[in-house]
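Engineer: Protein sequence lines correspond, in order, to chains A and B.
Last residue of the first sequence: 872 in full-length UniProt numbering, with the numbers rising by one and none dropped.
Last residue of the second sequence: 263 in full-length UniProt numbering, with the numbers rising by one and none dropped.
Hints may be right or wrong, so weigh each one.
Stated by the list, open to error - Listed next, with one range per pair, are the computed distances between beta-carbon atoms:
| hint | chain 1 | residue 1 | chain 2 | residue 2 | range |
| --- | --- | --- | --- | --- | --- |
| 1 | B | W52 | A | P344 | 30 to 38 Å |
| 2 | A | S433 | B | S41 | 39 to 47 Å |
| 3 | B | D195 | A | L314 | 53 to 61 Å |
| 4 | B | N237 | A | D412 | 51 to 59 Å |
| 5 | B | T39 | A | S55 | 44 to 52 Å |
| 6 | B | V182 | A | E171 | 54 to 62 Å |
Note that these hints are calculated values from the structure, not bench results.
Note that beta-carbon positions come from the ideal geometry of N, C-alpha and C, so glycine has one too.
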Amino acid sequence: MSVKAFELVPAVERDLLMGDKARINIECIECCGKHLYMGTNDCFIHHFLLDEVTSSKGKLSYSVQKLLHKYLGLKKPVAELRAASALERLIVLCDGIVFLVDMVTLETVPSAAGGGAKIRGVTAFCINENPVNGDPFCVEMGVLSSKRRTVQIYMVYEDRVQLVKEVTTPEQPCAVSLDGYFLCLALATQYMILNYNTGASQDLFPYNSEERRPIVKRIGREEFLLAGPGGLGMFANAEGVSQRAPVNWSESVIGAAVCFPYVVALDESFITIHSMLDQQLKQTLSFRDGHILQDFEGKVILASTKAVYVLVPLPLERQIQDLLASHRVEEALILTEGAQRNIPKDKFQILHKRILQQAGFIQFGQLQFQEAKEHFRKGQLDVRELISLYPLLLPASSSFTRCHPPLHEFADLNHLAQGDQEKVLRCKKFLISYLGEVRSTEVANGCREDVDTALLKLYAEQDHDSLLDLLASDNACLLADSVPWLEKYQKYFALGLLYHYNGQDSAALQLWIRVVDGELQDSTRSDLYEYIVDFLYSCSNLDLVWKYADWALQKNPTIGVHIFTKRPASKDQSQLNPDDVITYLGKHSQALLLYLEHLVLERRTQKEKFHTHLAVLYLERVLSLMSKKPTDEEQLTRARERLQALLRESNLYRVQFLLGKMENCEELLLERATLHGKLEEHDKALHILVHKLRDFPSAEAFCTWASCSQDSAYRQQLFHLLLGVYLDGNQTATGGGAGDLEMAAVDLLNRHGEVFDAVRVLRMLPEGWSLQLLRPFLGRAIRASMHACRTSQIALGLSHSENLQLLHDRLKERKKPIFVSEKKGCHLCHNTFSEPDVVSLPGGVPVHTHCVAQRVRDSPTKRQLTNSSNHT
Amino acid sequence: MPEVSKMKKPDVKVVLLGDMNVGKTSLLHRYTERKFKDTISTVGGAFFLKQWGPYNISIWDTAGREQFHGLGSMYCRGAAAVILTYDVTNWQSLAELEERFLSLTDTANHDCIYAVVGNKADLTDPNAQLYQDSNVAPEDQTECEEERPEPQVLSACPTPPASPASLSGSVLHKQVAPEDAVAFYGRILRYKGLDEKSSLPAEKMCFETSAKTGYNVDTLFEALFDLVLPSILRKRNENQESPTVDLEECRGASNKRARSSCC
Ligand SMILES: Nc1nc2c(ncn2[C@@H]2O[C@H](COP(=O)(O)OP(=O)(O)OP(=O)(O)O)[C@@H](O)[C@H]2O)c(=O)[nH]1
Ligand SMILES: [Mg+2]
Numbered sequence: 001m002s003v004k005a006f007e008l009v010p011a012v013e014r015d016l017l018m019g020d021k022a023r024i025n026i027e028c029i030e031c032c033g034k035h036l037y038m039g040t041n042d043c044f045i046h047h048f049l050l051d052e053v054t055s056s057k058g059k060l061s062y063s064v065q066k067l068l069h070k071y072l073g074l075k076k077p078v079a080e081l082r083a084a085s086a087l088e089r090l091i092v093l094c095d096g097i098v099f100l101v102d103m104v105t106l107e108t109v110p111s112a113a114g115g116g117a118k119i120r121g122v123t124a125f126c127i128n129e130n131p132v133n134g135d136p137f138c139v140e141m142g143v144l145s146s147k148r149r150t151v152q153i154y155m156v157y158e159d160r161v162q163l164v165k166e167v168t169t170p171e172q173p174c175a176v177s178l179d180g181y182f183l184c185l186a187l188a189t190q191y192m193i194l195n196y197n198t199g200a201s202q203d204l205f206p207y208n209s210e211e212r213r214p215i216v217k218r219i220g221r222e223e224f225l226l227a228g229p230g231g232l233g234m235f236a237n238a239e240g241v242s243q244r245a246p247v248n249w250s251e252s253v254i255g256a257a258v259c260f261p262y263v264v265a266l267d268e269s270f271i272t273i274h275s276m277l278d279q280q281l282k283q284t285l286s287f288r289d290g291h292i293l294q295d296f297e298g299k300v301i302l303a304s305t306k307a308v309y310v311l312v313p314l315p316l317e318r319q320i321q322d323l324l325a326s327h328r329v330e331e332a333l334i335l336t337e338g339a340q341r342n343i344p345k346d347k348f349q350i351l352h353k354r355i356l357q358q359a360g361f362i363q364f365g366q367l368q369f370q371e372a373k374e375h376f377r378k379g380q381l382d383v384r385e386l387i388s389l390y391p392l393l394l395p396a397s398s399s400f401t402r403c404h405p406p407l408h409e410f411a412d413l414n415h416l417a418q419g420d421q422e423k424v425l426r427c428k429k430f431l432i433s434y435l436g437e438v439r440s441t442e443v444a445n446g447c448r449e450d451v452d453t454a455l456l457k458l459y460a461e462q463d464h465d466s467l468l469d470l471l472a473s474d475n476a477c478l479l480a481d482s483v484p485w486l487e488k489y490q491k492y493f494a495l496g497l498l499y500h501y502n503g504q505d506s507a508a509l510q511l512w513i514r515v516v517d518g519e520l521q522d523s524t525r526s527d528l529y530e531y532i533v534d535f536l537y538s539c540s541n542l543d544l545v546w547k548y549a550d551w552a553l554q555k556n557p558t559i560g561v562h563i564f565t566k567r568p569a570s571k572d573q574s575q576l577n578p579d580d581v582i583t584y585l586g587k588h589s590q591a592l593l594l595y596l597e598h599l600v601l602e603r604r605t606q607k608e609k610f611h612t613h614l615a616v617l618y619l620e621r622v623l624s625l626m627s628k629k630p631t632d633e634e635q636l637t638r639a640r641e642r643l644q645a646l647l648r649e650s651n652l653y654r655v656q657f658l659l660g661k662m663e664n665c666e667e668l669l670l671e672r673a674t675l676h677g678k679l680e681e682h683d684k685a686l687h688i689l690v691h692k693l694r695d696f697p698s699a700e701a702f703c704t705w706a707s708c709s710q711d712s713a714y715r716q717q718l719f720h721l722l723l724g725v726y727l728d729g730n731q732t733a734t735g736g737g738a739g740d741l742e743m744a745a746v747d748l749l750n751r752h753g754e755v756f757d758a759v760r761v762l763r764m765l766p767e768g769w770s771l772q773l774l775r776p777f778l779g780r781a782i783r784a785s786m787h788a789c790r791t792s793q794i795a796l797g798l799s800h801s802e803n804l805q806l807l808h809d810r811l812k813e814r815k816k817p818i819f820v821s822e823k824k825g826c827h828l829c830h831n832t833f834s835e836p837d838v839v840s841l842p843g844g845v846p847v848h849t850h851c852v853a854q855r856v857r858d859s860p861t862k863r864q865l866t867n868s869s870n871h872t
Numbered sequence: 001m002p003e004v005s006k007m008k009k010p011d012v013k014v015v016l017l018g019d020m021n022v023g024k025t026s027l028l029h030r031y032t033e034r035k036f037k038d039t040i041s042t043v044g045g046a047f048f049l050k051q052w053g054p055y056n057i058s059i060w061d062t063a064g065r066e067q068f069h070g071l072g073s074m075y076c077r078g079a080a081a082v083i084l085t086y087d088v089t090n091w092q093s094l095a096e097l098e099e100r101f102l103s104l105t106d107t108a109n110h111d112c113i114y115a116v117v118g119n120k121a122d123l124t125d126p127n128a129q130l131y132q133d134s135n136v137a138p139e140d141q142t143e144c145e146e147e148r149p150e151p152q153v154l155s156a157c158p159t160p161p162a163s164p165a166s167l168s169g170s171v172l173h174k175q176v177a178p179e180d181a182v183a184f185y186g187r188i189l190r191y192k193g194l195d196e197k198s199s200l201p202a203e204k205m206c207f208e209t210s211a212k213t214g215y216n217v218d219t220l221f222e223a224l225f226d227l228v229l230p231s232i233l234r235k236r237n238e239n240q241e242s243p244t245v246d247l248e249e250c251r252g253a254s255n256k257r258a259r260s261s262c263c
């Protein structure tokens, strides 16, 4: 596999140089701008002017004009030519002598007065292109001489050369190159680096210069290219380290040069071109009788013995495109990236991106998705380029057009897959994952609609789970484009979500309802009905709620009512007014009941209307169940329990109203008793319970219930009432019934003895009752009264002792006792005390009790106060 | 290998040395590309730039062929670690390390570390043979299963690595035991004039690997990278010290001088 990196363009053809003189050979060349110099084996220098000509088709050629030729007069071949353009001199090596020639006239420069312009005994020389000495009017030259193991450093001036340094080498050097202070030398058996300033040397590697001609070529700052063993092109820097892997030439390389990123080498019959980036051979050009290969300011010139050619690099982009065309992605990228330093930064970035994108598409075409993705990412591909490969995915409204020139060769996915459905599917899967990844990154900036819509279409088509996630979250799917697509794939639920996302809840609901009603087929959600109900209860548009609640309630009132019952409480407009709901639910009795239950039992709304309404509904249900024949006892029991519970627990419903509704209903006695209880008509209630129902446990329970939030006197009252009812009934009733009441009375007393006033009870009880019967009651009553008596005695005793204690404390507080004796006189009457009872005035002064009383009586406090104030 | 083209300046160099056919290139492939693929005998050398955390490590794969032996010294110049590789089924390959390759490391850094690695352990050690490289890309796994010739097929190579299993009885190459490698490591230290006690111990520096199965390959490279880390840091510091002038430090110094002259 090869790249076309260079083209060989003829420059000076044979007849222009020598006409028909067959024995003339080119020995050396030098090129300096447009000036081409050539040294021949017959000791001539030829001077040509070389002009680039580009044809209308972009093809490059050279027009050559011969300016001059000059015989140097030495009868020997011209071995080397080097231009020192700043000095307008050519440095010539001929017959072992280095001398200077005028660049224009080609006249040999005579030696100046101060020093010679000739060096003798020279085998090779080189120019330092990177001299440490910055003088522009002299040139530094490294010279190898035939006799000594030395390298000499000369300064070349306009008219003289001056030896500045001489360093010895361990062996005879045969080739040299120079950069800064560093000499890179080929010795007889090895290469080495020698610092001519410090004398420090560094062996590079062994090489037999006898066997193969060494090459020492400076290729850049402190870096050299050397011919190595086994036909290697080795790189070495001034530190003696190889920083690039070697390239593999043939064994007989004559000359080599670097034209970044390529290493060009010449052997007897070929020009080989290796990349320095991956060391691979990229191009081979056949070239017979190759003789010279040199680069001059980036221009690579070759010569056979008879003619001169220029190796013209093809534009980089073209090379890269060639590589891409043969799907050599890796190489194309290496070449692109390798060229980074040769191209202006912004231009490079554009090129690099484009190549990355193209590379990505090539790999995409080969279904190497991982690699493709990486290149798309690095190349910042407009995702729409990729989407546009898939027919119909881009929305009709998208403004996208593919980039030109195209990034790939595919018309569309079908073209790419050539009918292979498996391939198509894999590509689609890839796009799904790729879009999924990029949609929330900056890659999708500016084309979110296109990306999301494409993704939606793919999800729908591939029956992908993420369709719903996409629609349920933030997205930019275009409605107009998505609707027909979702309909096509029967994704009605998803479509509804999209409508909802676009604020078209009504459309969403209509669609879903059609699905639930079986008009449309979409099995996405088996619980779509429930979903709609949920949707409605959280829907803030009340019009929609009113509009579709009817449908939902008809479908299933129990679930449908959730629309109203599950609505989250909020304070905004979307709050429903319960009265409206109740009116609305008028025709949905079951739902109405559930709603009222929700209001009363769950939300505990304290509103008479709802409570009464609910109670009435309960009652009606009970009545209707009762009227049905045969009666479903179980249902009826349950219905009554509910009614009873409500009647018992609620205090808000209109009791009279309900009572009126069941006034003459003999079956609902228990309920009526409860209602009477609510009205505090306990006697009526108890009458019903005891006499009509003869349900004594209920009567007892009634007393407990009716007095539960009252004080014990009320409770006692109620129990006495019940006892009275039992006992009265006992007197009036006859037969077995009487016995029942009597037993009930006994049980009541024995069970609830603590509430009764035993004395009153004893008075009420008929004479004939046996004590034995009432033993538990009496026992408890006696124990209770004993207990009460003793408790109060204890309390009394305790209070007494507490009182004494306090007295004691008080005395102790006073500290000083007040002494009263018969010898002491009262301060008021001055008589002595005859009894221990005295009154102590403030300050502990004892006086007679009667004196104080007298005094208080005589002198109103007021006067006393004024008096006392007068005294002071 | 786009890394190569960017020519990032490597922070540190690791060199693979060893006779031809021991599997140097295969080891590098396994580590960098996570697969075992066909190789041709390396010409000259090749290298790979590995990003190790914030550092760039260049790993040089050298050619084992005699012809390129002379290049070894240059490749080892400035190396922070050298991996001396032999083939566990080939005694001579260990001997060659000592005879031919050890002297090439004279140009390496003075604190260079040495690992002795016996490759092709899959041919002698069932653990290495059954090892599964967990990082292999799925399609590559099959590639090595299908495209790898059986060991016998390798006899087409210039020096066939004998599989003891396939050539029962006629063992061409004596196997190398781990103790032999440890002993060699000791001799490396002696050659370098290093004290055994203050150097890295042989147990840490002798490995048996299989480029074919991936056995111990990551372990080898990663252990070495961890060990050359100080070398990297030192190199970075050196590079920082020379060209920059710390103004703070200068000021401090001149102040001190000023004060002392005052007194
Ligand atoms: N069984 C087995 N064979 C291996 C292993 N490693 C390498 N080989 C084989 O050994 C042969 C040589 O491998 P290379 O990696 O080219 O050897 P090298 O050391 O780079 O050789 P040179 O480049 O010539 O120095 C190839 O045929 C590989 O397939 C291994 O771990 N196990
Ligand atoms: Mg190799």
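Engineer: Now tell me, hint by hint, if it's right for this structure.
Structural biologist: Comparing the hints with the structure gives:
1. B:W52 - A:P344: 30 to 38 Å: holds, 32 Å
2. A:S433 - B:S41: 39 to 47 Å: Because 42 Å falls inside the window, the suggested range holds.
3. B:D195 - A:L314: 53 to 61 Å: Once the Cβ atoms are compared, 60 Å apart, the range 53 to 61 Å for L314 of chain A and D195 of chain B holds.
4. B:N237 - A:D412: 51 to 59 Å: holds, 58 Å
5. B:T39 - A:S55: 44 to 52 Å: holds, 47 Å
6. B:V182 - A:E171: 54 to 62 Å: violated, 42 Å
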